[in-house]
Amino acid sequence: MRITLQDVEYRYQINTPFEHLALHDVNIDIEPGSYTAIIGHTGSGKSTLLQHFNALLKPTKGSVTIGDRRIESGRKEKELRGIRSNVGIVFQFPEHQLFEETVEKDICFGPMNFGASEKDAKDRARKALKQVGMAEEILEKSPFDLSGGQMRRVAIAGVLAMEPDVLVLDEPTAGLDPRGRMEIMDMFYQLHKERGISTILVTHSMEDAARYADEIIIMHRGTVFKKGTPLDIFSQPEQLLELGLDVPDTVRFQLKLQKELGIRFERICLSVDDLVSEVKTVMGRGNQ
Amino acid sequence: MLDKMILGRYVPVDSTVHKLDPRSKLLLVFLFVCIIFLANNLVTYGLVGLFTLLLLMLSKIPIRFLYNGLKPILFLIVFTFILHILFTKEGELLYKLGWLEIYDGGLRQGLFISLRFTFLILVTSLLTLTTNPISITDGMETLLHPFKKWKLPVHELSLMMSIALRFIPTLMEETDKIMKAQMARGVDFTSGPLKERIKAIIPLLVPLFVSAFKRAEELAIAMEARGYRGGEGRTKYRQLKWQTADTLLMLSLVVLTIFLVLLRS
Ligand SMILES: Nc1ncnc2c1ncn2[C@@H]1O[C@H](COP(=O)(O)OP(=O)(O)OP(=O)(O)O)[C@@H](O)[C@H]1O
Ligand SMILES: [Mg+2]
Chain A
1 MRITLQDVEY RYQINTPFEH LALHDVNIDI EPGSYTAIIG HTGSGKSTLL QHFNALLKPT
61 KGSVTIGDRR IESGRKEKEL RGIRSNVGIV FQFPEHQLFE ETVEKDICFG PMNFGASEKD
121 AKDRARKALK QVGMAEEILE KSPFDLSGGQ MRRVAIAGVL AMEPDVLVLD EPTAGLDPRG
181 RMEIMDMFYQ LHKERGISTI LVTHSMEDAA RYADEIIIMH RGTVFKKGTP LDIFSQPEQL
241 LELGLDVPDT VRFQLKLQKE LGIRFERICL SVDDLVSEVK TVMGRGNQ
Chain B
1 MLDKMILGRY VPVDSTVHKL DPRSKLLLVF LFVCIIFLAN NLVTYGLVGL FTLLLLMLSK
61 IPIRFLYNGL KPILFLIVFT FILHILFTKE GELLYKLGWL EIYDGGLRQG LFISLRFTFL
121 ILVTSLLTLT TNPISITDGM ETLLHPFKKW KLPVHELSLM MSIALRFIPT LMEETDKIMK
181 AQMARGVDFT SGPLKERIKA IIPLLVPLFV SAFKRAEELA IAMEARGYRG GEGRTKYRQL
241 KWQTADTLLM LSLVVLTIFL VLLRS
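Quick note, the sequences are listed as chains A and B, same order. Letter by letter, the first sequence follows residues 1 to 288 of full-length UniProt numbering. Letter by letter, the second sequence follows residues 1 to 265 of full-length UniProt numbering.
So that you can see chain A by itself, here it is in the shape it has in the complex:
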């Protein structure tokens, strides 16, 4: 499913003394089956932007096209359920949305709202729970008896069970342990590869952005500052550092080598293997 934003502006609490311009002049095109990472400073409008992808927020100017539905400012929209079932959002700290008596009921909540039968929903719950790496025994437990990290996984399973075409993730691994982070991020990537789910990831981890994304969007002060492939984006580290953002560890290492040893790399490396071979060639050349 394609999502296109055209000249989108969003103002919080419009027409009140608290009016706040959170987004302006945003033009974005998310292709079906792509993996997009959105990075940006705290308060740059990332979460606000995400909520436009499933019509939770309506632009105060401009338009958003989700599949064949067009959401325009100033028009009343009806029956948005179709959009919501196709675009799943995992919010920042999704564990706050748990409410049912048992984990199973909570995971089934989304699918059943979108018309799945109880049996079908239960099957999906089992599958989703396995995807997030949890044992089935937990299905009958109360979600409030779980640890924070477990709650996070259950909440994510609740969105996966909706089987959306587009998955929007707002810092899904913030506050998890390093191993859990890797597992969850790899799981999302696998879903993306196997089922062709378009994935949009908001993250503060430049490593994740470099590792998974086809395209990176940098948000700055409520608008798109720059778009490009990870290589494009991280080839100009100075710009990123100026915005208060970081570069992946490998790039930082390269920059340091350049500064300390006075050598020049011809290209930017985003994976450790790549970096090793590049260092080898550059050093080899130096020895000749």
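Please note: incorrect hints may appear among the correct ones.
Pairwise CB distance ranges, derived in the manner of DEER restraints [claimed, not checked]:
1. A:K226 <-> B:N68: 35 to 41 Å
2. A:H204 <-> B:S252: 53 to 59 Å
3. A:E140 <-> B:I163: 36 to 42 Å
4. A:P178 <-> B:Q239: 34 to 40 Å
5. A:K61 <-> B:S265: 51 to 57 Å
6. A:I14 <-> B:T190: 16 to 22 Å
7. A:I14 <-> B:G230: 42 to 48 Å
8. B:R64 <-> A:R69: 30 to 36 Å
9. A:K130 <-> B:F213: 29 to 35 Å
10. B:T124 <-> A:P178: 50 to 56 Å
11. B:T124 <-> A:R126: 51 to 57 Å
12. A:E140 <-> B:I221: 29 to 35 Å
13. B:F30 <-> A:H204: 25 to 31 Å
14. B:L50 <-> A:I14: 29 to 35 Å
Negatives, chain B to chain A, calculated, CB over 10 Å [to be verified]:
15. L42
16. F75
17. P207
The set of hints was computed from the structure by calculation and includes no laboratory data. These numbers come from a predicted model, not from an experiment. Note that beta-carbon positions come from the ideal geometry of N, C-alpha and C, so glycine has one too.
Keeping the supplied structure of chain A fixed, place chain B with the ligands upon it in accordance with the hints.
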């Protein structure tokens, strides 16, 4: 969604009303609630209305913001008005159509009660709109101080109030967040049959209560960790200052009262 809510909200602008001492504003609200019952005819209601309007203008709160915020209450006011028109059968009969009879007395009473309600709400919201919660609490604590003699837990009461006021916006924000998360999971809060909509409240209320209790517990721990031991011997960083404007406000209230007593029928 809950953007327009103005209950308990403070609008930080620079105005004469904002600069008043919280004590005089609290007294204003208290006395206003009492003297509004003196009004009983068009002239006296007009005077009270004029007074309210003057305060609103001095406060520099945008009228549109106020109107949007009070819209939900408008329904209640219109409802009261209609009830009075339909069921108060006093005075002259003005209009008759089948079972519908409108009396002069019903019209008057409906109008007056709606007006009284409107003025009361405007003046009380003006207090929270123009005074930040901490000042309200400080003012309250000072005003209630004499009642300590009769074992009224003044400090605790004002602390409770300030915490409540402080957390209204936080709770709103939280409500908005959880609502959105559940809408993304297919809940429809705004349309559909009534039964469905009532059911939709559970996925909202449960997480809200869980987080409110968690917050309360954390706050208690944080207060204890910072050595909070009740109000005994506590001094204040912010000192309240009674100024000429405050005296003028009180005087204007006295003048209003005198006029109301003289002009009421
Ligand atoms: N409900 C709201 N009412 C008013 N302003 C808001 C609201 N939500 C967010 N904002 C403002 O909009 C701006 C963008 O917020 P947003 O949450 O989109 O930032 P973000 O990029 O997601 O930040 P973070 O990385 O901290 O999650 C911020 O300046 C914020 O203060
Ligand atoms: Mg955010």
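Hint-by-hint comparison with the structure:
1. For the hinted restraint 35 to 41 Å between K226 of chain A and N68 of chain B, the CB-CB distance of approximately 38 Å keeps it satisfied.
2. Checked against the hint of 53 to 59 Å, the pair H204 of chain A and S252 of chain B passes, with Cβ atoms roughly 56 Å apart.
3. Taken as a hint, the range 36 to 42 Å holds for the pair E140 of chain A and I163 of chain B, whose Cβ atoms sit roughly 38 Å apart.
4. Restraint check, P178 of chain A to Q239 of chain B: a C-beta distance of roughly 51 Å breaks the suggested window 34 to 40 Å.
5. Distance hint check: the CB atoms of K61 of chain A and S265 of chain B are about 55 Å apart, consistent with the given range 51 to 57 Å.
6. Checked against the given bound of 16 to 22 Å, the beta carbons of I14 of chain A and T190 of chain B, roughly 18 Å apart, stay inside it.
7. The hint said 42 to 48 Å for the Cβ distance between I14 of chain A and G230 of chain B, and at roughly 44 Å that hint holds.
8. Checked against the hint of 30 to 36 Å, the pair R64 of chain B and R69 of chain A passes, with Cβ atoms roughly 32 Å apart.
9. In this structure, K130 of chain A and F213 of chain B meet the distance hint of 29 to 35 Å, their C-beta atoms being roughly 32 Å apart.
10. T124 of chain B and P178 of chain A have their C-beta atoms about 53 Å apart, which keeps the hinted 50 to 56 Å range intact.
11. At roughly 54 Å, the beta-carbon separation of T124 of chain B and R126 of chain A lies within the given 51 to 57 Å, and the hint holds.
12. In this structure the supplied range 29 to 35 Å holds for E140 of chain A paired with I221 of chain B, their Cβ-Cβ distance being about 32 Å.
13. Separated by about 50 Å at the C-beta atoms, F30 of chain B and H204 of chain A break the suggested range of 25 to 31 Å.
14. Between L50 of chain B and I14 of chain A the Cβ separation comes to about 32 Å, which falls inside the hinted range of 29 to 35 Å.
15. The Cβ of L42 of chain B sits about 34 Å from the closest Cβ of chain A, beyond the 10 Å cut-off, so the non-interface label holds.
16. In this structure F75 of chain B is separated from chain A by more than 10 Å, as the shortest Cβ-Cβ distance comes to about 20 Å.
17. The Cβ of P207 of chain B sits about 5 Å from the closest Cβ of chain A, inside the 10 Å cut-off, so the non-interface label is violated.
When the structure is compared with the earlier hints, violations turn up for hints 4, 13, 17 and for no others.
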